[in-house]
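**Q** Spelled out from the first residue to the last, the chains are:
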Amino acid sequence: MRLFDKPFRWAIVFGLTLAVFSAFVLLDAFVIPRVGTAVIPAAAADADPSVAGDTADAVITATSYTDENVSITIDTVYVYDTMVYVADIRVSDASYLKTALAKGLYGRNIKETTSDMAEDNEAIFAVNGDYYGFRDDGYVIRNGVLYRAVSGGNEDLVIDSEGNFTIIDESEVSAQALLSAGAWQVLSFGPALVNGGEITVSADSEVDKSASSNPRTAIGQVSALHYIVIVSDGRSDESEGLSLLELAELFENYGCAVAYNLDGGGSATMWFNGEVVNVPTNGRSYGERKVSDIVYF
Amino acid sequence: MSISSRPRSRRAKRTMIAYLVISVLSILIDRIYAQFGHGVYSAPMSLAFLYSLLGGALVFMLLWLFGPEDEDIWHSRLLFNLYNSGIAALMTGSLLKGVLDIAGTSSPYIIVYRLVGWLLLGIGILGFLGTAGKHTQYGR
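Line order of the protein sequences matches chains E and Z.
So for the first sequence, the numbering used here puts the first residue at 469; every next one is plus one.
So for the second sequence, the numbering used here puts the first residue at -19; every next one is plus one.
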């Protein structure tokens, strides 16, 4: 121990150790990919993949898509000093509502842009998901496969095989029980915005401790096989962003029985027919953020 | 000899000032980070300065005011280093937890900072108390 009797020698050694370990912790949290279980591609799990993504007979405009199974109309509205993109989507079968993981892999820090994932999966329309891969907890069930059963105490959106939405509390039900009960997709971010047709957030509600106005992504169900997806711009002079209450009010106005907040901020991205619809930004620069997963049609 | 007029440890004073500067820097880091966090904040980051203020500046101020008069305030350089390293580990862990919180993520390694920090802090304090007893016992 005489080695450390000299002034600053201990400080240098310990300081360097602390710095190197901290660099590792940050790299592990933000950069180093850790692959988990492989994913069965959504198309392989679908009953009739030949119909999904078959755009041969589709009528496509800049803001709409219609074929015999899928109808999508995107409206852009300016409310609450915010540019809001509202997609009204109807499908003939629940299998048209899908999710996909970045690079087709489950794991931490495995990321792709919403656009790339949408194109890889031949989507017509896509939004970012819950960015499950940035956290170590929160249930992950995608296309009927359970990937993570660690509760984060979140409110989750459960989409069953009929395409119907329910809100559950992770502290009250296990992921295995959800899967056994027929959960096809479980998204773990939240909070729930509307449940049973009633707004379930208040002016004080926020995602952890985030600011009240932000870019947002959220999805709601109006009725069987009829969905509303909303993405808002934010963090810019042109578009302030929405609070959760404002977002919930929009879903209520569109008649949603259930609506759920997904990952927002710099992740908020709406993609339609090969183009990004909104203006994704983290507040410092513009452009799509790479995320873990998407919800798509 | 009164408290106000007796000689005091220069090392205690230097360490106290260093911890005060670190506390201010910690507060500045929190404020600057908040500017880029879109209003997102984290209690562990906002309160990280308390480790250096209470565990550092306050302790060494007390040692400066009431501690040994010589330079050997912690009786052992190793124990002094362990104590300071404990504060450094706890504070770094708290700041990193803040960075992860604000980003909306977590790390299984944050617990390491707490374990190592409190361990080093504990060894430093127990060592200080132990050696202080010896010094008192042998009339130092």
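Treat the hints with caution; some may be incorrect.
The following label-pair restraints were derived from C-beta to C-beta distances [to be verified]: (1) 4(Z) x 498(E): 21 to 29 Å; (2) 1(Z) x 477(E): 42 to 50 Å; (3) 664(E) x 94(Z): 17 to 25 Å; (4) 484(E) x 102(Z): 22 to 30 Å.
If you're looking for bench data, these hints aren't it; they were derived computationally from the structure.
Don't be surprised by glycine CBs; every beta carbon is placed ideally from N, CA and C.
**Q** Kindly indicate which numbered hints from before are broken by the structure, ordering the numbers from low to high.
**A** 2, 3
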